[in-house]
Amino acid sequence: MSMLDRTAPPQSGTLRNFDFPSVDRSSLPTGLDLRVARMNRLPMVSLNLFMRAGEAALGRDVGGLAVLTADALEGGTRKRSGSELAEALERIGARVSGSGGWEGTSIGLSCLAERLPEALGLLSEMLLEPAFPDDEVERAREQQLASIRQRAMDPGALATDVARRHYFAPDVPYARAVDGSVASIEGVTPGAMRGYVDANYRPGGGGLVVVGDVDSGEVRAMVDEHLGGFTGVPATATSFESEPASRDRKVWIVHRPGAVQSEIRVGHVGAPRSIPDYYPLSIANMVLGGMFTSRLNLNLREENGFTYGVRSRFAFRTQAGPFQVSTAVGNDVTADAVREIMHEVDKMASGGPTEDEVAAARDYAAGVFGLQLETAGQVATRVSQLVVYGLPDDHYDRYRDVVRAVTRDEAAEAAAKHMRPNEAQIIVVGDADVVGDPLRALGLGPVEVVES
Amino acid sequence: MTQLSIPFERHRLDNGLKVVLAPDRTVPVVATNLWYGVGSRNEPEGMTGFAHLFEHMMFQGSAHVPKNRHFELIERVGGTLNATTWFDRTNYFETVPSHELDLTLWLESDRMGWMLPAMDQGKLDNQRDVVKNEKLQRYDNQPYGDWSERLQKLVFPENHPYHHTVIGSMEDIDAATLDDVASFFRTFYVPNNAVLTLAGDIDPAKALEQVKRYFGDIEPGGEIPALPGEPNIPALIGETRRDHVVADVPLPRVIMGFRTPSYASADFAVAEVAQSLLGSGRASRLYRRLVRERRIAKGVVTYVYPLLSGASMLLVWATGYPGTDPADLEKAISEELADLANAQQSEIDRAIALVETDLVRSMERVAERADLLSMFDLFFDDPGRLNTELDRLRAVGLDQIHAFTHERLGEDNRAVVVFEPENGR
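Protein chains in written order, with the numbering used here: chain H, 4 to 455; chain C, 322 to 746.
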């Protein structure tokens, strides 16, 4: 055995290239955009149906209707009760879940490939013949109301909920919780759900993605058989602009007497997915707080020991979602942590990342992309993103090249444009009697204490 | 019926390090996964939480790797990494593009062989703060955050290795010294107490040479000391033990723990299948009855801990609605537990079908393959158990479920932690 030199990292081996699985796309006469990719390492299949039935199109008074309707799909069909439906799915080892979000509603299915015909039959029943029995709708509603109560007492969830109200103007949907409020949830009826499904569970503008050990022709035949009646276009979405609640920096303390820790959120209205500088901004954010070795984490965690972890994130949606730094810290270092967060955001916005940092973030983004194409579920999710954001078919074929082409100056410019520390809303959920004065002493802007 | 056949080969280096190589060249990704046979069960009195604090110290550098370099190097190649500490073990893992395998071997071998030269008081103080913040964030500042601590105390007696939690106590974490780090390292972080698995895009013959090159010259350690305390305890708790907590929680919650045979016992499979019948999926008994039909619970969770030392634990919890009387919730759970004695074969079939899909799905990720192979080799000296896992569960018969219900889920083997909202119901 040759002597090993341990003093320096080993040289990389030879890169083995790997292409994004090829996707067979067809537009069905029903209006359904079908995308099938074969991955046959294991006898599995993952399916994702995306429909433009999103919360962003719902007003505050009916907020949560899309989420709750998707939740209640498990309540049964015209042919079988909720229990019978669960039994039929689980007997063949299939897992199905519906979930509503800002952009739309997704129904996911995962099962052994040999079970797909049966599973697709059941999914079609849920989609085309949902029953929404009174007791099941009532249950979904009660569960959602209880969740709202739970969230209000979970400091982290509370901080996030309060923060978005201070980032977005009141009439922007993103200002509210995606799954609604007590008032809007209490008003949801089985009739409202049926009406919502009838108007919005339509293939137009959405897509069905099937990935796994399947043949595209066979999938097409199954879809023709089971989803032939799935047609039409969803009721059009209302459009809006993501306006901020305020452009003046302010500190909000949500008072929790006796809290042992402070949950911190710092942010403002971010940017939509469609911005031309999406990649440079993503890279700048990774350097700020999107990786373990980000500036924020190295400062707050590894240098100062203030926190278990801190991150920053742009929620890229069709309209601008929040840009936000999140962390939880001890009472005694709450103001110090806020000061350091502001310092790092300021520094990124004014000076941008260094060449080295950009190179590291680019390499990370390009490399980790390949690591996340292992499973049928991961690939199905990726393909679904093309549908959701209207991205071109060759998006993933070009992804790594596009990421690797981002320059330091582009990242710096994007940071300067989209990170605006002077407009930040700073939310601290903690004990105001302990953290209030040190936060005031920072002089970041007015400090307002609100009861939780 | 699906039969898993994940290919792998086993080796053992002269210093005692077990090596499992599981090639699958579909995707150019490799998972490096290292399990050390040390966890919170090895912590003596006064050192609770130390195994986990030590795990943090493993990321603070080693003789040839400066602080933060480990993260930087792995992220730079687009890799992911982490580590976790649990009762019986601590695992460290990276997933990287396969042409970067050497990097992970260099990093893991450097800290297995040469961690101590890089330790200093500043790093220990820093990670102590990080861990204390982790405890605040994940336990102390969370509604119900201390449930596990309360339940373990009831299910396992004071001198048992599972009596205390993995996160441990703030006082013990405060008391940790650099000498403790050194002695823990020399005792437990030795090649003869570890399994290294590489899964994914590797050539096994070449990978074995690489492993020997990086790990071959690490000195073996001594015998691993016996566990502190007394792992051998009676099969049953012997009574119903209670802890009624009135606290600042949003909803009532009833948490029950039952002593079960240990993961090392053949009977453990019965507990796993019983757990599935009770709470896995929406056709499970507790979901169907308590959540869907009676609507007394907002949600239910069941889980069976795979613990090795003397005994393990089956967990059942149900969260009520704002108006639910915890006593009613507890009664409802008890009725369903007793009714498991009437379980049908079709329920077992359903549970097995779900387990089958979940297991096959988990095999899609090389990281998950590697983790299970390491576990089976460390715990049972048999990584091949991955491929026979389904047979073990399929062999559980209805009569065994019925017997398990009578023997293990009764009032003479029960720990109950009740959380009641303090602002009244």
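Calculated directly from the structure, the hints in this document are not laboratory data. Note that the coordinates shown come from a computational prediction; the quantities given were computed from them, not determined experimentally. Wrong hints could be hidden among the right ones.
[What the hints assert, rightly or not] Result set (BS3-like, lysine-lysine): computed pairs, CA atoms no more than 30 Å apart in a straight line: (1) C:453 <-> C:388; (2) C:444 <-> C:388; (3) H:350 <-> C:453; (4) C:527 <-> H:350; (5) H:350 <-> C:533.
Tested hints:
no.: 1; hint: C:453 <-> C:388; in the structure: holds, 20 Å
no.: 2; hint: C:444 <-> C:388; in the structure: holds, 9 Å
no.: 3; hint: H:350 <-> C:453; in the structure: holds, 29 Å
no.: 4; hint: C:527 <-> H:350; in the structure: violated, 47 Å
no.: 5; hint: H:350 <-> C:533; in the structure: violated, 46 Å
The structure shown violates the earlier hints numbered 4, 5.
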